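K.L.:
Here the protein sequences come in this chain order: A and B.
Add 400 to a position in the first sequence, counting from 1, and you land on the number used in the working numbering.
Add 400 to a position in the second sequence, counting from 1, and you land on the number used in the working numbering.
If you're looking for bench data, these hints aren't it; they were derived computationally from the structure.
For clarity, every value in this text was computed on a predicted model and none was experimentally measured.
Identical copies look the same in the list; a pair holds intra-copy or inter-copy alike.
Straight-line C-alpha distance at most 27 angstroms; calculated BS3-like pairs for lysine-lysine:
hint	residue 1	residue 2
1	K548	K424
2	K429	K611
3	K733	K429
4	K652	K424
2 protein chains.
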Amino acid sequence: MVNIALLGFGVVGGGTAEVLTENKSIIEKRLGCEYNIKYILDLREFPDSPFGSLVVHDFNTILNDPEVTVVAEMMGGSHPAYDFTKACLLAGKNVVTSNKEVVSTFGEELCRLARENGVRYLFEASVGGGIPIIRPLINDLSSNKINKISGILNGTTNYILTSMRDNGASFEDALKKAQQLGYAEANPSADVDGIDAARKIVILAALASGKLIDPKSIHVEGITKITLEETKLAQELGFTIKLIGYTEITDKGLLAFVSPRMIPSSNPLCRIDDVFNGVLVDANMVGEVMFYGPGAGKLPTASAVVADIIDIIANRDADVKPIVWEQATDVDKLCFDEYACRRVFITNDKAEDALPACERLVVSDGLRAYVTKDIVSEKEVRVISDKLGEKLVSVYRVL
Amino acid sequence: MVNIALLGFGVVGGGTAEVLTENKSIIEKRLGCEYNIKYILDLREFPDSPFGSLVVHDFNTILNDPEVTVVAEMMGGSHPAYDFTKACLLAGKNVVTSNKEVVSTFGEELCRLARENGVRYLFEASVGGGIPIIRPLINDLSSNKINKISGILNGTTNYILTSMRDNGASFEDALKKAQQLGYAEANPSADVDGIDAARKIVILAALASGKLIDPKSIHVEGITKITLEETKLAQELGFTIKLIGYTEITDKGLLAFVSPRMIPSSNPLCRIDDVFNGVLVDANMVGEVMFYGPGAGKLPTASAVVADIIDIIANRDADVKPIVWEQATDVDKLCFDEYACRRVFITNDKAEDALPACERLVVSDGLRAYVTKDIVSEKEVRVISDKLGEKLVSVYRVL
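Could you build the full structure based on these sequences and the hints that come with them?
P.N.:
Right, here's the structure in full:
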């Protein structure tokens with residue numbers, strides 16, 4: 401009998417209790433072993449929940465119970481989630497989490513503590529919700545060198561961008577609708593400013609490279625400045641605008657950033673719409689593979705949390721290869737200036753003179769959208785932007 | 401040092417040698433262990449290959465060498481691939497394979513022999529080429545009950561259907577082009593008659609249900625009867641025709657079949673084009689997730705073969721939960737008659753009288769395509785088809 405404790409009984413915590421209960425018989429059959437939810441830590445009481453009697457308010461009850469060997473942290477936020485995780489690992493308890501903030505910020509230390517204490521720290525649910533992506537990167541693509549990863553990693557912003565494109569809604573109206581539907585928080589900053597996507601892309605970058613970058617140190621642009629006019633211009637150019645978390649392992653170091661990008665219709669990410677997520681992995685032997693599914697939501701996210709719990713129980717006696725990350729240095733972060741891709745320059749006036757050779761031009765509503773023929777680096781974009789001055793409305797990266 | 405033998409030095413075998421060599425340093429670093437390709441079994445000599453000196457012609461050289469603990473079978477066909485696999489497992493050697501014919505026909509026995517002999521039999525490359533799908537079904541979706549799987553599992557037929565839809569090519573012309581490009585064999589029957597897809601869907605069905613159905617016993621339709629006119633009608637209805645391997649775990653038993661289907665534009669499979677494969681999994685907690693990528697090809701398939709080799713080496717001292725299948729009985733196969741979905745009836749004359757309520761009708765080139773409002777079972781389709789008589793041109797299942 402394996403005893404499990406859940407930290408946090410919000411959306412994901414509640415879903416995890418539900419998955420562990422609903423699918424108990426098939427999971428126990430697969431495991432050949434029984435399990436039990438022994439405690440649920442939350443500040444609140446849940447008198448009407450079937451799990452209400454399991455709720456405790458003192459973390460030490462869990463920490464000091466040697467019967468608890470697997471802890472699922474689903475509290476969100478850095479503190480006390482990080483502190484509780486660390487205490488559990490030090491006490492020889494395995495931890496699984498859906499908390500991308502903790503993994504992206506403290507993942508190097510927590511993976512190390514897990515190794516040092518002979519336990520595991522797993523976080524499949526921290527990226528892509530229910531989509532299997534972390535474990536496939538570790539196991540299934542283990543025969544490959546990962547070259548780059550491009551992901552639609554945030555369902556809220558993808559819903560808003562899809563709504564702008566398909567319904568002609570303004571950013572503000574689309575956001576309001578997303579809030580009404582429960583897809584966006586009252587304070588939507590973590591989503592619309594790209595912070596959530598930044599946390600996720602540094603986790604994927606670490607899995608691909610072994611190096612964890614501080615998510616606060618990378619270039620992050622959100623979607624708040626995207627206008628309906630730009631959405632339309634993108635469509636006329638045959639592109640669709642998506643918020644993309646991007647990482648690439650370059651000769652100069654590890655690159656990771658988040659920004660809206662113009663996605664060509666030939667790229668499978670251009671068809672990932674609404675609240676869905678998609679992660680496109682480019683690896684040296686397999687080429688491109690994509691993982692698609694619900695990037696958030698109660699049961700999908702819980703499905704990934706429970707997959708990690710099952711992994712731990714199934715391999716409790718095995719000597720599983722641990723995750724080893726090192727903290728990325730400044731050198732790894734220096735390569736953004738050199739990053740080069742095709743660009744779309746949007747101007748409010750004729751601007752051929754100030755631009756590099758362009759392969760296409762679309763004019764609409766007084767705006768002109770130029771697609772460069774060749775790739776242009778970030779450094780060069782800054783020079784061109786200065787030259788364009790007031791004429792420049794915006795610049796997009798093409799994926 | 402782990403010694404590996406490759407059986408077969410064709411496309412996949414050559415690719416596997418290449419992946420093991422090209423990515424040797426990163427793989428050995430991940431494994432913390434060295435490996436070596438000791439033998440390559442083939443009937444031919446390869447004097448110009450860097451691997452030429454490893455080639456042997458006598459299988460017993462490999463079988464009787466106790467140093468060889470991992471064997472990758474990439475010969476294709478049932479015999480002697482099955483016989484060699486069996487001999488290796490009985491001799492206590494782990495086997496990985498890309499051979500869907502062997503897995504789909506003899507998988508129950510070979511998984512059992514692996515268990516009984518304390519070794520592993522892995523086959524990630526047998527479905528979806530380089531796309532991670534087998535291991536994610538086993539590990540990542542382990543917290544779920546799988547309800548159904550729909551897959552574009554054959555790149556050749558997907559290329560042909562894409563070419564018919566986008567270029568207006570006839571089936572014959574598209575097949576000829578596919579043969580010129582090396583996507584289709586001189587004898588294309590295994591692909592265009594759906595045999596290859598049938599093998600793959602029974603493997604996926606077995607992973608979802610634990611029961612392996614004989615691929616020869618399931619309903620299989622290929623793509624040879626699809627006309628350009630039908631492709632156009634599908635488009636006018638907002639559908640796209642794809643060859644789909646489908647499995648569903650029903651109350652009555654395990655259902656699996658292969659047929660062309662009309663895919664609505666809202667289904668992510670409708671956008672999987674050309675030689676790419678896509679597998680859409682519907683599971684009770686996560687909902688729908690999709691895996692997309694190159695379903696064939698030298699390096700992608702080899703990438704999956706090598707992922708299995710790595711899995712075996714990494715877990716060589718672990719007590720890994722074995723795959724347990726049983727052979728499906730007739731009872732499990734009985735549910736096809738009850739299978740119900742919406743249908744598209746294509747007729748050469750007005751046929752409202754003989755059809756159930758339809759929600760849409762498109763008329764073109766003397767053909768009429770009716771989409772039923774409700775789902776219709778296979779049994780009912782036969783009754784309706786009899787009533788339609790000469791008027792009936794074809795019937796499609798809607799996914």
